[in-house]
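Construct all of the structure, not just a fragment, from the sequences and the given hints.
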Amino acid sequence: MTVLRNNARVLRYAFTSAMADMRATYTWKSWTFAWLARILCQVTLFALIGKLLGSPEQVEYLVVGNSVFIVADIVMMVCATTAWERLAGTLPLLVSCPSTPFVVFAGRSVQWLVDGLACSTVSLLLLAPVLGVSLPLGAALTAVPMIAVISVSVYFFGLTLAGLALRVMKARNLVGRLGSIGLMVLTGVQVPVTFWPVPVQYMSNVLPLTHGLHAVREHLHGAPLPRVLALLSLEVAVGTAWTVIAFFTYRRLVNSGRHDGTIEFGG
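Here our numbering is used: position 147 in the sequence shown is 1280, and no number is missing along the way.
Be aware that a few hints might be false.
Unchecked claim - Lysine to any residue pairs mimicking SDA-like chemistry, simulated, CA-CA at most 25 Å apart:
1. Lys1303 to Pro1359
2. Lys1303 to Gly1222
3. Lys1303 to Ile1314
4. Lys1162 to Leu1246
Said to hold, decoys possible - Ranges of calculated distance between the beta carbons of each label pair, as one might list FRET restraints:
5. Leu1258 to Val1339: 26 to 32 Å
6. Thr1165 to Met1302: 49 to 55 Å
7. Pro1189 to Ser1389: 42 to 48 Å
8. Leu1226 to Trp1164: 41 to 47 Å
9. Val1331 to Thr1275: 32 to 38 Å
The set of hints was computed from the structure by calculation and includes no laboratory data. All C-beta atoms, glycine included, are put in the ideal place defined by N, C-alpha and C.
Structure follows, in structure tokens:
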């Protein structure tokens, strides 16, 4: 019980710190008129490809895919913010907390979950009608919890990559961007997963977002609930696997850092 209380307390403080970072980064004006506007432009840019092709089906595919992808793109910023802890000299302090380092880092960047879910939801609900995509309002609203599941799944994938970035600080931005671009290309955002060769499809199936995005598409098209829940369960399974990998990544990082003295106060 003591371990659980310590973990809960550390997670709560990490969450509070993350939300303080969020408030320091954005005001409601800068978030709405700068950040959110930029996100909506990004989704619109890809959706216009469908317009150029003269295909309403392609427009819908791209609007839904890129609106859902936004949550993954934003959540992948966990790679950068986690690496910043080493640059800021706070890494030793986080490692020395009365909990496992994984718990600390899991709560330290949750502001991107909130940010990503908000941007993705606004994009899906606002841009679909603006771009002439007719989505059932009830289905679009009930897709939001599904997008939340995707965000958590991608978060732990990003947290795993962040653990690797902490070892190679010069490549921290590259790691995060390659992870995000990989999700955009391979998980059915722009083209169906079946577009790729079979070996690439196998890789897609172990990445977060793939099954969750498929579930959202099926749900918006009125698929039976068992079918949607089965796909969402696969997303949860993939997310759980990446959570376990992230846990061992941070344990290995801390153990090796203590052994060779690479957990330092400076970048």
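Review point. Holds or violated: 26 to 32 Å for the Cβ distance of Leu1258 and Val1339?
Key: Given range 26 to 32 Å: holds, Cβ gap about 30 Å.
I want to verify a distance hint. Is the separation of the beta carbons of Leu1226 and Trp1164 within 41 to 47 Å? With a Cβ separation near 29 Å, Leu1226 and Trp1164 fall outside 41 to 47 Å, so the hint is violated.
Given the hint that Lys1303 pairs with Ile1314, test it: the Cα-Cα distance must not exceed 25 Å. Roughly 19 Å separates the two Cα atoms, so the pair holds.
For the hint 32 to 38 Å, verify it against the beta carbon of Val1331 and that of Thr1275. Since the Cβ atoms of Val1331 and Thr1275 sit about 33 Å apart, the hinted range of 32 to 38 Å holds.
Problem set entry | Satisfaction of hint between Pro1359 and Lys1303, Cα-Cα up to 25 Å | At roughly 45 Å apart (the allowed maximum being 25 Å), Pro1359 and Lys1303 break the hint.
Are the Cα positions of Lys1162 and Leu1246 separated by 25 Å at most?
holds (20 Å)
Quiz item: Is it true that the C-beta distance of Pro1189 to Ser1389 lies inside 42 to 48 Å, as the hint says?
Solution: violated (53 Å)
Margin query: Can you tell me whether the CB distance of Thr1165 to Met1302 sits inside 49 to 55 Å?
Written below: The hinted range 49 to 55 Å is violated for Thr1165 and Met1302, with Cβ atoms some 33 Å apart.
Is the hinted pair Lys1303 and Gly1222 satisfied, with a Cα-Cα distance of at most 25 Å? holds (16 Å)
In terms of the numbered hints stated before, the structure departs from hints 1, 6, 7 and 8, listed from lowest to highest.
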